[in-house]
Amino acid sequence: MGDYMDENIDYLQEDVADFITLNSRDGKIVTLEEIETFINNEEKDPTDVTEILESIKSELDLKTIDDSEGNTFYYSGNEMTDKYAGIIIRVKNKDILKLIGDTVREESRRYPRPTYVTMFNLPPYNLTEGELEDMLAELSIDSEYRDLKFTHASNGTVFVYSNKHMSKGYADYLAEWIEVGQDENP
Amino acid sequence: MAVSYGWAGKILRVNLSNGRITTEDTNKYKDYIGGMGIGYKVLFDEVPVGTHPHDANNKIVFGTGPLTGSGAPCSSRTNVTSLFPTNPKHMVADSHMGGNFAASMKYAGYDAIIVEGKARGPVWLRIEDDKVSIEDASKMWGQGIYNTTALVASEMGKEASIAAIGQAGENLVNLSVIMNGYSHSAGGHGSILGAKKLKAIGIIGTGSLKIAGKAKDLLDTNSYMLKELIGANNNHVVPSTPQPWAEFDSKGSRWTAQKGLYWGAAEPPVETGEIPPGDITTVGLRTQKGVKDLGPVAEKYTKRMGGCQSCPIRCFSQLEIPQLEKFGVSRFVSNTCMGYSAPNGVMIKGTVDQFEKDDGTFISKTLGSQLADDYGVWCNYGMLGREFKYIYESGKLKEVLSEEEYNSIPFELLEAGDPAFLKDFYRRITFKEGEFSHLGDGTYWIAQRWDLGDDFWHGKAQKIWSPLGYPVHHSNESGAQVGALISCMFNRDSQSHTHQNLIQSGLPADILREVSAEIWGSEEAFDFPAKYTPMNEYKAKFAKWSIIRNVLHDSLTVCNWMWPMMVSPVKARNYRGDTALESKYMSLVTGENYTEESLDLAAERVFTLHRALTVKQMGTLDMRNEHDVIMDWVYDMDPEMEPFTEGTVKMEREDMQTALTMFYEEMGWDKKTGAPTKDTLNRLGLDFAARELESMNLLP
Amino acid sequence: MEEKSKKKFLERETTRREFLKLTGKGFGGAVISMSILSMLGCESQQTVAYALPSGLLLADASRCTGCQRCEISCTSIHDEKIQPFISRIKVSENYNFGNEGPRLDYYRQNGQFGNLSMSPETCKQCREPYCGRACPAGAIFADPKQGNARVVDTSKCVGCGACEEACPWHLPTIDPETKKSTKCEACGFCAENCPTGALRMIPWEDVKKAMRRNGYRFS
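Respectively, the protein sequence lines represent chains A, B and C. Okay, so the first sequence: first residue is 1 according to the numbering used here, each after it adds one. Okay, so the second sequence: first residue is 1001 according to the numbering used here, each after it adds one. Okay, so the third sequence: first residue is 2001 according to the numbering used here, each after it adds one.
If you're looking for bench data, these hints aren't it; they were derived computationally from the structure. Beta carbons: idealized from backbone N, C-alpha and C, even for Gly. It is possible that part of the hints are untrue.
[As the list claims (entries may be wrong)] Which residues of chain B face chain A? A few of them, derived with a C-beta cut under 7 Å, are:
hint, residue
1, Thr1241
2, Lys1251
3, Met1338
4, Ala1530
5, Pro1639
6, Pro1643
[As the list claims (entries may be wrong)] In the EDC-like style, the derived pairs of lysine to aspartate or glutamate whose C-alpha atoms are separated by at most 20 Å in a straight line are:
hint, chain 1, residue 1, chain 2, residue 2
7, B, Lys1010, C, Glu2165
8, B, Lys1197, B, Asp1055
9, C, Lys2180, B, Asp1129
10, C, Lys2208, A, Glu14
11, B, Lys1571, B, Glu1592
12, B, Lys1259, C, Glu2177
13, B, Lys1389, A, Asp66
14, B, Lys1396, B, Glu1415
15, C, Lys2081, B, Glu1654
16, B, Lys1571, A, Glu184
17, B, Lys1531, A, Asp66
18, A, Lys83, A, Asp102
19, B, Lys1251, A, Glu14
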């Protein structure tokens, strides 16, 4: 396909950089194997991948993160925050319950706001409706998460919050404000 | 004449009584910057106390400023100043419109247009650069805004920028608008033009706005603002969903762009996608306002976004909804925010699905937008629907209408949730049909006419803020005493978005509190939402700064729905904005050395002149007890909760009086009455106002 | 440094020529086949493409929202003032009622008061430019420094307006303040400042990349 000739190595760097960049932009972290497969699929000469990665490291702000099985993933810090990569890894590690708990507590503490539960259906959490239902059921009985409580806005949207960081009345108000109040006050 | 930079240099004055058309030098208004500042000065100097808004003696000022049309982002705002018909004492107020009109005024060579007197028959004003004429409008009288605009354009040419009133303005309905560009409306001043028999103003401007500095520097500043500072609509700086590039997100953010969300009716559909900061060429995709204002059903009908000249943030959604033709209106709709939600508020029993699942309110909002915009009916920031709800549900309507009139109104449509009710509703108001149409008089006047009592004025559901007959608009629910103070200071609903934009920016509270400390001296300026603390001096500074910047923006003119740039979406900036940006633009454009401080001082002058004019028009010093008054529900809501506890935005009476005192002190106004002191007026160069108030015995 | 930018320029110029060969169009080739455009990630039927020295300019009316920042940018960079009337790209004059102006059924026609469609007009850089042929002073010429864009030599321009008259789209405009014709020089600055990508400049480096990845071999 492509004619690489003497400019071969330049193109390869550029293509690998784009491969990682576009994946990161798309919310995906990639393994070394995936990068190698990409290079092979492009029918490019076998080259030392780590050498290429080293050469594009600063341009991409190339970062790595490991999952619980010791696999290493790459992403571009220009395109993806460490927080986002961290969530992807925790989902891969099936650390969902704690991920939800930590996220809710952090949001209740910091913003402060209750968390709408369907956020966990969105990327990077990507829970199916059934999975989310199971997780929320588990949350409400697990003693580790006794501080997590539910509320809902008048339009039916369900929120979860940590009563370590906000009272019920406060969570109720904020849920209603997020869903209804702010749209009535544009 | 010397070259004028930024300012066009001339003000156009048109007297419709005698047909005199003159120009004058803008220089004498320079201390007031432009726009709103020119408006207040003209009204103070030239309109006698006690004038009725619809009298020939009232004047209306279309104002722009030195940055209008300069290409600074979000800089085509027209500030309209005149006596305000809905206000009980017809005090001065502003209305505002975006679109192209303001920029066109500048390119035609005018910083402001002052219209005075009253024509004998219907006229329209034709402006082609320095060629200005008063034309016969008898063919247009009786037409809606859309037809009127087409008629003016057919005489002037397609390129004309046109502001017009509809039948509501003609018929002197207090709640009426002046509109340009299909949906950009200035609410509350339509009937002023109607009384003057001025149907429309058409402008073609072929000239230039000259800049003192180098264009390259101006372009670099644009680039800096668009790459590093600007967010989405209302300067929300985080996306509405979690996204790889973003540390923060907020469900309510108007930065709705995301993967898989489209302008669905574009050909081919345009995906908004994820839009990290730093790229000028995608900024306009950040706000998909159709789904934000109208719900998910709107996506597939969305053709594109729209908005004002020079603004990269496209906050109007523009849709093609073929089903609307069944109601006898165009299938093409453009609007934003309250332009959609106000008519939906009239459908007090809700709207049932019309053509597909969950499209009820979508149809009400878009149909109502078409009706109200063509007739030129204003909503008093949503009051119209709430007032209708009150008189209908309380039985008052049945009491004040004759049986015949009552029975002629198709309430069965309303009860059935059929949006066709809106056609009847807006027609009655526009054409002043019967007693019912007095809904178009405005809050105070219907309360007088129909003898509405305390449960109307002080009931939470009506959301009336002030005895002057205007509602909540980013008041106590937005920054506690900060929003509450801001809402007390004008003669209509407050148009300040400064505080609201910061509070709703989407950043977590710790960052917002740091930013607050940097601007106002302490983190205590910023309360966590609905977790309020008693008043403190930093909140007074926050409130003052918010108003001053709002006034500054309406004088420059730039959009206060975007400016000032207090925060940024850029992590590398630690999310900090640049509050000196207005002065950077002003220095570049005018060639004069402006600083943040000098601009804020000029805006303080403008705002204090507004206050002085209010004192003069009310004929009392006692602003605290006669002007800056809040309805009881704000203090009495959530009876089971105490003020300053988590989860309520309830205010406390004594604390609010303290807040007023602290605010007056910040402004240099009399602590007791809230009227500007002689010293303060003189300090701000408003000696003429001090002299006049002194002669009226209105100085504290 | 100078050598490097020279090399970059030559590389760009090569890509541009290769691209034009591929599309079978000369400079003024307006409509480039959809398959090539889709190679560049552009799916709209409304797209018109121009091969400019600095890149491939794509104009897609379906993405235009009428903000007029192109006009502001154009006259800032070329005229040191803001004057949409003389902008070399025209958006505002068609904003309310499209190219044709208001008609009886305006509510169905182009424009904000009609079907909400925008009608941005860009210079076609015609191979045989009407404007240039009409100019009695010979002031409009193909400038090799601008990739042979047809530009105005203001020292020769007499401001007679023949170019504006002759152009089927009336795109050149006589500046009422300087009495000189203003005409598009194909600089692409408007595209760099379009906030919705309705005008988009794809640098030749990126065009090359796309061509290469789609199996095109550079000679």
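These are the hints, each one checked on the structure:
no.: 1; hint: Thr1241; result: holds, 6 Å
no.: 2; hint: Lys1251; result: holds, 6 Å
no.: 3; hint: Met1338; result: holds, 6 Å
no.: 4; hint: Ala1530; result: holds, 5 Å
no.: 5; hint: Pro1639; result: violated, 13 Å
no.: 6; hint: Pro1643; result: violated, 13 Å
no.: 7; hint: B:Lys1010 with C:Glu2165; result: violated, 32 Å
no.: 8; hint: B:Lys1197 with B:Asp1055; result: holds, 11 Å
no.: 9; hint: C:Lys2180 with B:Asp1129; result: holds, 19 Å
no.: 10; hint: C:Lys2208 with A:Glu14; result: holds, 12 Å
no.: 11; hint: B:Lys1571 with B:Glu1592; result: violated, 33 Å
no.: 12; hint: B:Lys1259 with C:Glu2177; result: violated, 47 Å
no.: 13; hint: B:Lys1389 with A:Asp66; result: violated, 59 Å
no.: 14; hint: B:Lys1396 with B:Glu1415; result: holds, 17 Å
no.: 15; hint: C:Lys2081 with B:Glu1654; result: violated, 54 Å
no.: 16; hint: B:Lys1571 with A:Glu184; result: violated, 31 Å
no.: 17; hint: B:Lys1531 with A:Asp66; result: violated, 40 Å
no.: 18; hint: A:Lys83 with A:Asp102; result: holds, 12 Å
no.: 19; hint: B:Lys1251 with A:Glu14; result: violated, 36 Å
Consistency with the previously given hints fails for numbers 5, 6, 7, 11, 12, 13, 15, 16, 17 and 19, ordered from lowest to highest.
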